[in-house]
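Trainee: One-letter residues, chain by chain:
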Amino acid sequence: MSNIPQSMTHKIMARASGREQVATGDFLEADIDMCFTHDPALQIIRKYFYKEFGADARVWDPTRIALFQDHLVPAKDAGSRHLAIAMDNFAREQDISKYYPYGQNYGICHIMMCERGHVLPGQMILGTDSHSVTYGAFNAFGSGVGVEDMLNVFRTGKLWFRVPEVIEVRVEGKLPEGVMAKDIILRLLGDITMAGASGKTLEFTGSTIENLSAEERMTLCNMTVEGGAKNGIMAMNDAAREYLRKATGRDSFDEVTTDPDFEYSQKIFYQAEELTPMVAYPHRPDNTRTIAQAKSEKIKVNQVYVGSCTGAKMEDLEAFTREISGKKAAPGINLIVVPGSMRIYRELLERGMMQTLMDSGAVIESPGCKACYGAHGGVLGDEEVCLSTTNRNFKGRMGNPGSGVYLASPIVAAKTAVAGYITD
Amino acid sequence: MENIITGKAFYCGDFVDTDVMSPGRFEPFGDDEALARIALIDYEANPPFVDPATGRSPFTVIFAGEEFGCGSSRETAPMALALAGAKVVIARSFARIFFRNCVNLGVILPIIYDHPYDEGIVGQEVTVNVEGRYFQVGDKQYTFGDFGPLWPIINAGGLTNYTKQRIAAGELA
Ligand code: SF4
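Each protein sequence line maps, in turn, to chains A and B. With this note's numbering applied, the first sequence corresponds to residues 113 to 536, in that order. With this note's numbering applied, the second sequence corresponds to residues 9 to 181, in that order.
With the rest of the complex left out, here is chain A (with noise of 0.2 Å):
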């Protein structure tokens, strides 16, 4: 077999499936390393996956799945509570141990994942949400499936895939003051829509990615589903190797790297001197404007929510408080910070963040998925506007379709909350 020069994601793809190689657009079965699923989706699994293999069925490994109460705990109604008691049982009949139940230890499941340890690079991890595109920070292959899917990795531990074609993102350079990877990751939305990266890799390069932070680097991998892309990845850096360290207290990792001849379909590139805050207006995250756009609309908000797997992990909360220290939310808004996880929770009250925060006006609520979907807390009224940290604002996600949300980073998310109408 002629040598065919490969992505990092190919490399994953081979390794995965017993190959040396594979081209782009070659089917194949995988073998999963890690999988998970989540409140809304698991008692689904569980009811046809006993109804379709048996009731003495078991999963093809209990060490490889993990399960996150995240999106309706505590529960807001009887409903939402019969999900957490089906987990409860799945988790003891199949005896997955990696199970993160409304409690101490829990909270949304993409910052779980990686802060749990659960993600390493060159891995192929899935799990039955979109915002799994996340683990690419770590140069892992991460990406959202359906129930039908899933169902079938519990059991056999495999799936089938389509090799992608890979965008190549490349940025250079250093990032103003003020400027996160929220605002590199709706620069790119806003260029390419939200078809732009149907199906595709998007591959993340140059001297700023390099440069950035472990936790932005999921931010910029999270949202990479909303350009429509299959996965977000990047090669390892430093940052990354500490955090994973921390996480799992491995000192070294299997990462994959892109050939250098490897042929990308597309390339886009950027300079980082050149980026300024974005800010996704309503209903779509590809409908961006400049924050100067943006600031000289005066557009007034009546909510600021921090929260979510895109905008409320540590750094996140440690941008918008560093922003918000001292100064008060302007009169009249809902102020809510949802942090990602309970560490991270606790990490704010160890820190003295949490009365900082409240200082400013912020009410605290505790982690979860919360407003950033809409079922739980949160909804706006008819005309009302929030400016949120979340990954999509489309008519109706925070609960009312007669509202508006505009998405932004933590810290023009507390610019804003402080004057009252969106800036930075």
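For the record, the hints were derived by calculation from the structure and aren't laboratory data. Mixed in with the good hints, there may be bad ones.
[Claimed, not checked] Simulated pairs of lysine to aspartate or glutamate, EDC-like, Cα-Cα distance not exceeding 16 Å:
| id | chain 1 | residue 1 | chain 2 | residue 2 |
| --- | --- | --- | --- | --- |
| 1 | B | Lys95 | B | Glu10 |
| 2 | A | Lys123 | A | Glu277 |
| 3 | B | Lys172 | A | Glu164 |
| 4 | A | Lys410 | A | Glu496 |
| 5 | A | Lys412 | A | Glu277 |
| 6 | A | Lys270 | B | Glu179 |
| 7 | A | Lys123 | A | Glu386 |
| 8 | B | Lys172 | A | Asp366 |
| 9 | A | Lys123 | A | Asp366 |
| 10 | B | Lys172 | A | Asp168 |
| 11 | B | Lys16 | B | Asp59 |
| 12 | A | Lys412 | A | Glu495 |
These figures come from a predicted structure and were not determined experimentally.
Model the placement of chain B with the ligand on the given structure of chain A, informed by the hints.
Mentor: Then chain B with the ligand, alone, in the frame of chain A:
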């Protein structure tokens, strides 16, 4: 699914979404009869995909443009096409979830191919030879990529059936 599929061609343009294939206003969709009847009902074409007189489609192979099946991930979309009578979609590209649903449900063979056809193809005879990996329109033959592990899944009638077959055959623990 048979190895050799023959039938008439239908054509869909770019970005035909799952709402057009099985519109939400018909939910709940009712039985198979009812779902077949509304397949591609919002895709304007003359003749339409489904013949209102029979409630079935005279077309077996759909040629499509880019991102066929984009939009929400409803499984009723490929089901509706299949129940109406389609067996193959040959598209320049598919939306990822729609493609996965076609295979996982084992109802439609989704072939990714940058074909040269447009509305003019409607009604022509097409032959698809799955194991030979080609499709034929008139005297023109086009070779498509290897389906690899996907063909046994589609053949088994979907992913879960395939898994059960493998377990029964002792291939999986
Ligand atoms: S925080 Fe929002 S985007 Fe992230 S997993 Fe939860 S609902 Fe999904």
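Trainee: Now, for every hint given, state plainly whether the structure supports it.
Mentor: Structure-based check of all given hints:
no., hint, result
1, B/Lys95 <-> B/Glu10, "holds (10 Å)"
2, A/Lys123 <-> A/Glu277, "holds (13 Å)"
3, B/Lys172 <-> A/Glu164, "holds (8 Å)"
4, A/Lys410 <-> A/Glu496, "holds (14 Å)"
5, A/Lys412 <-> A/Glu277, "violated (42 Å)"
6, A/Lys270 <-> B/Glu179, "holds (12 Å)"
7, A/Lys123 <-> A/Glu386, "violated (33 Å)"
8, B/Lys172 <-> A/Asp366, "violated (34 Å)"
9, A/Lys123 <-> A/Asp366, "holds (11 Å)"
10, B/Lys172 <-> A/Asp168, "holds (14 Å)"
11, B/Lys16 <-> B/Asp59, "holds (13 Å)"
12, A/Lys412 <-> A/Glu495, "holds (11 Å)"
Hints 5, 7 and 8 from the earlier list are contradicted by this structure; the remaining hints agree with it.
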